[in-house]
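Student: Position chains S and Z relative to chain G; hints supplied.
Protein chains in written order, with the numbering used here: chain G, 275 to 432; chain S, 275 to 432; chain Z, 275 to 432.
Please note: incorrect hints may appear among the correct ones.
No copy is singled out in the list; a pair is fine if it fits within one copy or between any two copies.
Unchecked claim - Below, computed lysine-lysine pairings styled on DSSO-like, alpha-carbon distance capped at 30 angstroms:
(1) K369 <-> K323
(2) K331 <-> K307
(3) K307 <-> K328
(4) K307 <-> K340
(5) K348 <-> K331
(6) K307 <-> K389
(7) K328 <-> K369
(8) K340 <-> K371
(9) K328 <-> K389
(10) K365 <-> K340
(11) K369 <-> K353
(12) K323 <-> K365
(13) K307 <-> K369
If you are wondering where the hints come from, they were derived from the structure by calculation, not from laboratory data. Small disclaimer: the values here were computed from a predicted structure and weren't measured.
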Amino acid sequence: MENNSSTLVMFSGDLDKAMASFIIATGAAAMGKEVTMFFTFWGLNVLRKEQYVKTEKSLIERLFGKMMPRGPEKLGVSKMNYGGLGGWMMKKVMKQKNIATLKELMETAKELDVKIIACAMSMDVLGIREEELIDGIEYAGVATYLAATDGSNHNLFI
Amino acid sequence: MENNSSTLVMFSGDLDKAMASFIIATGAAAMGKEVTMFFTFWGLNVLRKEQYVKTEKSLIERLFGKMMPRGPEKLGVSKMNYGGLGGWMMKKVMKQKNIATLKELMETAKELDVKIIACAMSMDVLGIREEELIDGIEYAGVATYLAATDGSNHNLFI
Amino acid sequence: MENNSSTLVMFSGDLDKAMASFIIATGAAAMGKEVTMFFTFWGLNVLRKEQYVKTEKSLIERLFGKMMPRGPEKLGVSKMNYGGLGGWMMKKVMKQKNIATLKELMETAKELDVKIIACAMSMDVLGIREEELIDGIEYAGVATYLAATDGSNHNLFI
Numbered sequence: 275m276e277n278n279s280s281t282l283v284m285f286s287g288d289l290d291k292a293m294a295s296f297i298i299a300t301g302a303a304a305m306g307k308e309v310t311m312f313f314t315f316w317g318l319n320v321l322r323k324e325q326y327v328k329t330e331k332s333l334i335e336r337l338f339g340k341m342m343p344r345g346p347e348k349l350g351v352s353k354m355n356y357g358g359l360g361g362w363m364m365k366k367v368m369k370q371k372n373i374a375t376l377k378e379l380m381e382t383a384k385e386l387d388v389k390i391i392a393c394a395m396s397m398d399v400l401g402i403r404e405e406e407l408i409d410g411i412e413y414a415g416v417a418t419y420l421a422a423t424d425g426s427n428h429n430l431f432i
Numbered sequence: 275m276e277n278n279s280s281t282l283v284m285f286s287g288d289l290d291k292a293m294a295s296f297i298i299a300t301g302a303a304a305m306g307k308e309v310t311m312f313f314t315f316w317g318l319n320v321l322r323k324e325q326y327v328k329t330e331k332s333l334i335e336r337l338f339g340k341m342m343p344r345g346p347e348k349l350g351v352s353k354m355n356y357g358g359l360g361g362w363m364m365k366k367v368m369k370q371k372n373i374a375t376l377k378e379l380m381e382t383a384k385e386l387d388v389k390i391i392a393c394a395m396s397m398d399v400l401g402i403r404e405e406e407l408i409d410g411i412e413y414a415g416v417a418t419y420l421a422a423t424d425g426s427n428h429n430l431f432i
Numbered sequence: 275m276e277n278n279s280s281t282l283v284m285f286s287g288d289l290d291k292a293m294a295s296f297i298i299a300t301g302a303a304a305m306g307k308e309v310t311m312f313f314t315f316w317g318l319n320v321l322r323k324e325q326y327v328k329t330e331k332s333l334i335e336r337l338f339g340k341m342m343p344r345g346p347e348k349l350g351v352s353k354m355n356y357g358g359l360g361g362w363m364m365k366k367v368m369k370q371k372n373i374a375t376l377k378e379l380m381e382t383a384k385e386l387d388v389k390i391i392a393c394a395m396s397m398d399v400l401g402i403r404e405e406e407l408i409d410g411i412e413y414a415g416v417a418t419y420l421a422a423t424d425g426s427n428h429n430l431f432i
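With the rest of the complex left out, here is chain G (with noise of 0.2 angstroms):
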């Protein structure tokens, strides 16, 4: 089989879920496969800029704005995170042994030409709005997302 492309719905927004989306994204990208990233929901929140933005927004959009974390560096881990205790211990452990953070994995991945999609209906629905995402992404709807899956045989959902 014929087949150069991968897919991977980012759905949660957990940093250890991050970090093995982006493993594996820049990994396949470094193969020489085409990866189409799409962030959905709580996925959102990985590409939200650290500094706050400010935008017009209904109450409930503000408070959704204000309990969701805020980029890769706020996230906390799917298991143990302990108030964020377990995040802090991964991430501690990372720098010692000289692994890539999840920054350093998006910046690969766009060097590595992976291309990132902000899911235009979760923004409404979680009222986020393009300026307080990161640059060089793409907007989209699931048409976009299920039109990368066709050809491609390795999908996963994240």
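Tutor: Quick look at chains S and Z alone, frame taken from chain G:
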């Protein structure tokens, strides 16, 4: 690669993940793909009828039945549930923005001939009877799911 | 589409998700497919030996080791765990109904030549040593996982 089918394992019984599943499933079906959704473990709760159905059950089965949510309206979200607040906020925003509810997405899936299979083994473990689940679905085991993945390039576990 | 292999990333260390993984893996292997399971992050806990193994570890590694469950008997469930009650109920019902336990499924997987790979990078992060994991498995990185997905149409992230 000629390929015209998708399979989704719906393991989780979360509102947000169920929404994502049905958005992908109906999108793929609308594009002409054959779609099979296999509901297993907590995913079965998505298929439960809202109204209580009287059945003969063991004590543990009755406990599971009471502890687990009954149908799409009762599901919580996988993150920031805060005793139902997160789910309520999400449903409220989606209503304001005229985004289809999970119930509506499930109707659309039926209209588009998405095949919905309830995992027989999980029903046995959680003590869920056929009469407690919505109509128009099939009951089968993992072999049926695996057969559906044959010749399908787009297989997700949600 | 000629295709005879499956890959499963086992990221989560939950009892219920591990059961689902091994049910799919053994089912696929019984149907003649080549199956590769890649255990990463919390999924490594599924592969830990039940008995304590004395090793040299840093403080954080010892902490991770103590905080995480040791082997299939100690895993919690992903929903309704209630301090172990949910897992206990699930195991009790499965015993009553003569459904294979996770340990038995893992034995079957070995007999069916399912390839089990422990993610070397995750072992490094969580401070897990080879002698702490069950026998008969391999140790490798994401490149080995990605190579296994080549030519495989059925790839899940669990």
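Student: If you test the structure against every hint from before, which numbers come out violated?
Tutor: 2, 3 and 4
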